[in-house]
Amino acid sequence: MSEWSLPTLTLNPLAAFGILLIVGVLGGQIARRVVHLPAITGYVLAGLIISPAGLALIDAEMLRSANLFLQLALGLALFEIGRRIDLTWLRRERILLGTVAIGCLIVFVGVFAVLVALGIPGGAAVLTASVAMMTSPVVILEIVRESRAEGQVTERLMTATGLGNLFGLVAFGIAISYNHFEAAHGVEESLIGPGWLVLGSVALGLVSASVAIRVNQWLGGRERDAQAVLLFGIIALVVGLSALLDFLPPLALLVLGVGTRQIERGHTVTEPPLAGRSSFFFVAFFVAAGAQLSPGDLRHFALVATAWLAVRTLSMMVVWWAAARANGLTHRRGAWLGLALSPLSGGTHSLALLGATSLPAGSAAFTGLMLAGVFILEIAGPILTRFALQQAGETPR
Amino acid sequence: MLEFKNSTPLTLGVELELMIVNRRDYNLTRGSDDLLLQIESIDHGFDIKPEITQGMIEIGTAVHTSVDEMLQELLAIRALLVKSAQKLNLGLAGGGTHAFQHWGDQQIYPKERYRLVSELYGYLAKQFTVYGQHIHIGCPDGDAGVRLTHFLARYMPHFIALSASSPFSQGVDTLFQSARLTSVNAFPLSGLMPAVQTWDAFNTYFQKMAGLGIVASMKDFYWDIRPKPEYGTVEIRICDTPLAIDTPVLLAAYAQMLARECLEGEPRPYNPDHMLTYSYNRFQACRFGYDAVLVDAAEQRQTSLLEDMLFTLDRLWPHAEALGCTNAHAALRERILKRNSDSLWLREAYADSGSLSEVVRRQSERWMYGRPTLAVH
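Respectively, the protein sequence lines represent chains A and B. Residue numbering for the first sequence follows numbering that gives the first Met the number 0, starting at 0 and increasing by one per position. Residue numbering for the second sequence follows numbering that gives the first Met the number 0, starting at 0 and increasing by one per position.
Note that these hints are calculated values from the structure, not bench results. Among the hints, erroneous ones may be present.
[To be verified] Computed, partial: chain B to chain A, Cβ under 8 Å:
no., residue
1, Arg22
2, Arg23
3, Thr28
4, Arg29
5, Gln37
6, Glu39
7, Leu87
8, Asn88
9, Gln106
10, Pro109
11, Lys110
12, Ser352
13, Ser354
14, Glu357
Ideal placement from N, C-alpha and C gives every residue a C-beta, glycine not left out.
All chains, please: the whole structure from these sequences, using the hints.
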């Protein structure tokens with residue numbers, strides 16, 4: 000008699016995506032109904048519970064299977080936040096551009112200083128400080144959508160998030176170059192590599208924006224569904240091409256978003272509401288983010304991570320408090336805007352991996368610091384942003 | 000007892016309700032608080048205030064004897080608003096309805112009166128996110144105010160056709176030239192003032208309504224034209240907010256000429272048959288604009304609205320000369336002859352772009368930056 004055994008199942012990407020969605024919806028609803036937290040926090044916690052570090056219902060292989068959809072989610076968010084950067088407004092409202100630039104600079108210097116003071120190697124500190132400039136576009140977009148926030152704080156928060164990511168990604172490219180120089184690597188790794196990373200990403204974003212506008216114009220305003228599908232297609236293509244050509248996908252997508260808003264007749268692209276149609280990807284993205292959280296890193300780097308996150312958030316609050324009046328806000332609302340910028344960039348995982356390649360000596364410290372910071376802010380970030388927007392009077396009463 | 004304050008006859012003032020839109024997809028945005036805060040930081044003496052929902056703002060001019068002065072003030076108010084809106088990346092636009100906003104998304108402005116209106120009228124309060132122009136005309140006393148209110152009722156279709164700028168509502172072409180007035184119709188105290196003949200009779204009517212607990216002040220009447228005793232004026236409330244900055248001045252000039260004919264011309268007996276045709280004529284003008292059919296109760300005939308407007312303008316020429324607004328008279332005549340209509344302009348913008356966001360973008364550009372074509376002396 001032959002022995003009967005269960006067949007070994009390896010999940011394909013679609014099944015993995017389905018599981019992330021189902022788990023996410025349940026977690027999000029429990030968070031909203033039972034503990035009145037943002038749905039995002041529920042998605043993340045649900046991911047953490049089923050993760051290898053929790054009940055181990057999913058493993059790293061399964062997360063890799065769903066990676067395609069997660070990259071698309073991040074791409075959609077970066078494109079959307081890029082569309083929120085209105086250069087025409089920034090030309091008139093230079094104080095906003097100045098506030099964001101000074102805020103990023105102070106965050107960079109503050110985080111770098113505190114990390115070096117706590118004994119973290121300079122190379123790891125400079126990369127961490129670059130990432131600290133970036134606020135998560137996915138969290139900001141989802142919290143704003145979920146809480147139906149509107150007003151000057153929200154408007155400036157969106158722009159500050161987009162610009163912060165732009166500045167942060169460029170600083171990250173330069174930081175990689177700096178690290179290669181420090182490690183006495185060759186010219187190719189020190190200059191050409193990071194240059195390719197930054198300039199290539201920008202070029203890809205601009206070319207794609209130009210194509211998106213032209214094809215959208217040809218489609219015409221009556222074909223909104225076709226326009227939306229086209230944009231999905233272009234975003235997927237840019238994500239794929241960036242990976243293929245070793246560019247920085249977040250930078251390319253951000254530039255694509257900015258470009259479609261700015262290039263002449265870009266308004267043909269600003270209309271299709273992609274964010275609302277992207278919630279499938281966003282739910283999966285947050286569950287996967289929760290499943291990738293690393294409690295081990297938190298244990299090792301809890302103190303240092305708390306220190307750099309505190310410096311980061313306080314710096315943003317102080318800068319926005321000080322510049323509030325010039326930005327047409329009260330000081331109080333300015334400080335809330337600074338707090339709302341807390342969520343850490345959604346692409347931190349991939350940036351951690353990329354940055355680590357430039358840091359043979361300090362890579363463990365860098366990735367540990369990043370992942371410990373991510374652990375804290377994946378859970379606390381959405382709560383802080385929603386709280387800040389409520390306090391600023393931006394959500395419906 | 001409502002006291003009708005004296006005001007200088009034929010003086011004018013206008014109020015305009017404006018849309019506040021974001022500059023991304025040009026939907027309405029809750030921007031009134033931020034905008035008002037920004038405006039308050041600049042020293043000015045203008046009347047700028049919130050309206051029932053947070054995607055609206057209202058501006059009002061001072062009292063003027065000439066429409067040229069009124070245009071100058073409107074341009075100064077616009078300059079202040081544009082400066083503030085630019086800082087906040089907000090757009091401002093004329094037009095009677097926003098083309099694609101969803102009424103359920105609107106938020107009631109946190110003010111006691113609006114809260115009470117919202118409580119009483121439910122969803123009608125949010126659906127009242129529509130944008131109109133009000134014209135105040137000074138009257139010597141309450142009796143004259145009542146007489147002028149009845150006199151002007153006959154000409155409401157003219158004002159509808161001249162100002163119509165709300166062809167789209169909730170993302171759909173309504174086929175109306177002015178869809179805004181449909182939102183006003185839903186209120187139980189809309190329509191026309193009852194057929195009282197004197198200010199005393201009006202007061203008796205008001206006391207009865209107040210005694211029955213139906214109204215507490217004149218603000219509770221949503222009539223198309225109503226006496227405004229605290230200002231000593233008659234207020235025309237039927238116009239959509241026009242798309243351009245100078246059209247409100249033309250409409251005010253037209254009201255001033257008509258008022259002069261009523262108050263200083265041959266007295267005309269009140270004809271109660273006007274009440275029979277009022278709603279039908281009003282509908283015709285909302286639906287068809289210049290192409291409407293007008294039922295003339297006094298003459299017992301049907302006529303074209305366009306012809307009636309041209310005939311009326313010819314008759315008003317001496318009053319235009321007396322009031323010094325012949326340029327406005329000529330501009331009105333040209334507008335009618337060319338069948339210039341804001342609704343048509345909006346439909347053409349949609350036909351050209353296929354996008355309602357683009358339509359609102361263009362109408363915002365027109366209100367914020369458009370050069371006035373009316374010659375100012």
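Each hint, compared with the structure:
Among the interface hints, the one on arginine 22 of chain B holds; its C-beta lies about 7 Å from the nearest C-beta in chain A, closer than the 8 Å criterion. Of the supplied interface hints, the one on arginine 23 of chain B holds, with its beta-carbon coming within about 6 Å of a beta-carbon of chain A, less than 8 Å. Because the smallest distance between the Cβ of threonine 28 of chain B and any Cβ of chain A comes to about 6 Å, under 8 Å, the interface hint for this residue holds. Annotation: arginine 29 of chain B was flagged as interfacial toward chain A, and the flag holds, the nearest CB pair being 5 Å apart, inside 8 Å.
For glutamine 37 of chain B, the suggested interface contact is upheld, since its CB lies about 5 Å from the closest CB of chain A, less than 8 Å. For glutamate 39 of chain B, the interface hint is violated, since its Cβ never comes within 8 Å of a Cβ in chain A; the closest pair sits about 11 Å apart. At about 6 Å, the closest approach between the beta carbon of leucine 87 of chain B and any beta carbon in chain A falls short of 8 Å, and the interface hint on this residue holds. Hint status for asparagine 88 of chain B: holds, given a least beta-carbon distance of 4 Å to chain A, under 8 Å.
Because the closest C-beta pair between glutamine 106 of chain B and chain A is about 5 Å apart, less than 8 Å, the hint holds. For proline 109 of chain B, the suggested interface contact is upheld, since its CB lies about 7 Å from the closest CB of chain A, less than 8 Å. About 12 Å separates the beta-carbon of lysine 110 of chain B from the nearest beta-carbon of chain A, more than 8 Å, and the hint is not met. Taking 8 Å as the C-beta cut-off, the interface hint given for serine 352 of chain B holds, the closest approach to chain A being about 5 Å.
Given hint, serine 354 of chain B at the interface with chain A, holds; its Cβ is 3 Å from that chain's nearest Cβ, closer than 8 Å. The criterion of a C-beta within 8 Å of any C-beta in chain A is met by glutamate 357 of chain B, whose closest approach is roughly 6 Å, and the hint holds.
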